[in-house]
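Peer 1: Residues per chain are reported as follows:
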Amino acid sequence: MTQRRSYQIGTGLFILLGFGALAYLATQTTSIANFRQGDSYLLKARFTNIGQLKLRAPVKLAGVRIGSVESIEVDPAKLDAQVRISIDKRYNNLPDDTSAAIFTSGLLGDQYVGLQPGGSPDMFKDGDEFVLTQSSMQLEDLIGKFLVNGSPQKPADPAAADKPASAPAGADKPASAPPSTTEPKH
Amino acid sequence: MNAVRKDPPVPSSMIGNALAQIGACGLFLLQILAAIPKSLRHFRETIRQIWFVGAMSLVIIMTCGLFVGMVLGLQLYYVLSIFGGTAALGTVVSLSLYRELGPVVTALLFAGRAGTSITAEIGLMRATDQLSAMEMMAVDPLAYVAAPRFLACIVAMPLLACVFNALGILGAHLIGVTWLGLDNGTFWSNMTSSVDVWKDVINGVWKSTVFGAVIALIAVFQGYTTAPTSEGVAYATTRTVVFSSIVVLALDFVMTAFLM
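In the order they appear, the protein sequences are chains A and B. Residue 98 in my numbering is what sits at position 98 of the first sequence, and the numbering runs on without skipping anything. Residue 1173 in my numbering is what sits at position 173 of the second sequence, and the numbering runs on without skipping anything.
By construction, these hints were calculated from the structure, which means they are not laboratory data. Remember, it's a predicted structure, so these values are computed and weren't measured experimentally. There's no promise every hint is true.
Take a look, some chain A residues computed to stay more than 10 Å from chain B by CB distance [unchecked claim]:
#1 Y41
#2 D75
#3 T98
#4 D141
Quick partial rundown of chain B residues pointing at chain A, CB under 7 Å, derived from the structure [what the hints assert, rightly or not]:
#5 R1048
#6 G1054
#7 C1162
#8 W1206
Just so it is clear, CB atoms sit at the ideal spot from N, CA and C, and this is done for glycine as well.
Bound-form chain A, shown alone:
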């Protein structure tokens, strides 16, 4: 009988330890640890392009996380992205001309919403919308512009218009044209 009891106690301890380990993993090492969500209020922001912004991405003010992205959807009327942002109730003194922009942490990191406070005496209230927003900067667009233009020069300048036509475009075309003509044949 005592042996049977020790089995049962040992089994109970084992199961407790296992679930303890699971609880530790789930709460201490995952994103749940960052979501001590207290009271919060919602703000809306419209972007023409959100890039790779994801749900629950951080919202930062002066680099400090003050909230997260709650939902991302396309507005069927205006055909732009409507992002709902939940912000911690503690930070309820944001001026209502604060601007929102989508930034990338590091060169290739995740994207987040950065807030730039304005100077208005009025504060944002629950459900307000950002007037000033800036879409995410598309790295590939930047690279494309840089490759085409070479440098921020006026395209009307004949000397500058010649250069990209001769040097970069001439170097580009043999690299890009043959694959496009050979691929359909395969």
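Dock chain B against chain A, hints included.
Peer 2: Relative to chain A, chain B alone:
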């Protein structure tokens, strides 16, 4: 069920034999599942089996988890330092542990530690006619011997995998932070910001549960259908480890493809 194995097998009938084995194993699974309600009457036996396959495996699981985490920390620190990305050490270690190494290595250890002993025990029961004796005493050996072990493995495997993961993280922390001087805050905050509860932790738990069921099925089936000789028990035990390892690794790929 009482398939008698002829060694060495004739090559032409090997495929047929393999198919028959798989079929018999599937039928056996149904029999075990059908016997589970009846086995709840012997619930003490299930608890004793959880103690045996779970609690008694803790030492090996914890030791191996710690060392796997430590070696992951060391290797990844070296590779990541080439790219100046050592801050991601916690992320990489935890993701690789939760998604792959935790469930798979625990399953392989579990097959070696618990699967073999189940096969040997049941095989010896078969060889010494204890199973037949139970049947004559109107005790269903499926409900009293097979089902409790099956249930115990399903309960124990995910818990063991969680313990393995936790010790692995501690091992990586020990190496990365304590030994190699990585910043403690960076280690944890990078981990917490990129590990997802459902996609990473809970998926790993599902995986390990399925692995536990598969290992239990193979171990019990091999023991139950062993040739009733000492050589037969030896073969059956070996087959348990070999088949469990193959099926776990193959199933891991399939489950990863579906759960991603």
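Peer 1: Hint by hint, say whether it matches the structure.
Peer 2: The hints, checked one at a time:
no. : hint  : in the structure
1   : Y41   : holds (23 Å)
2   : D75   : holds (28 Å)
3   : T98   : holds (24 Å)
4   : D141  : holds (26 Å)
5   : R1048 : holds (5 Å)
6   : G1054 : holds (5 Å)
7   : C1162 : holds (4 Å)
8   : W1206 : violated (12 Å)
In summary, the one numbered hint that this structure violates is 8.
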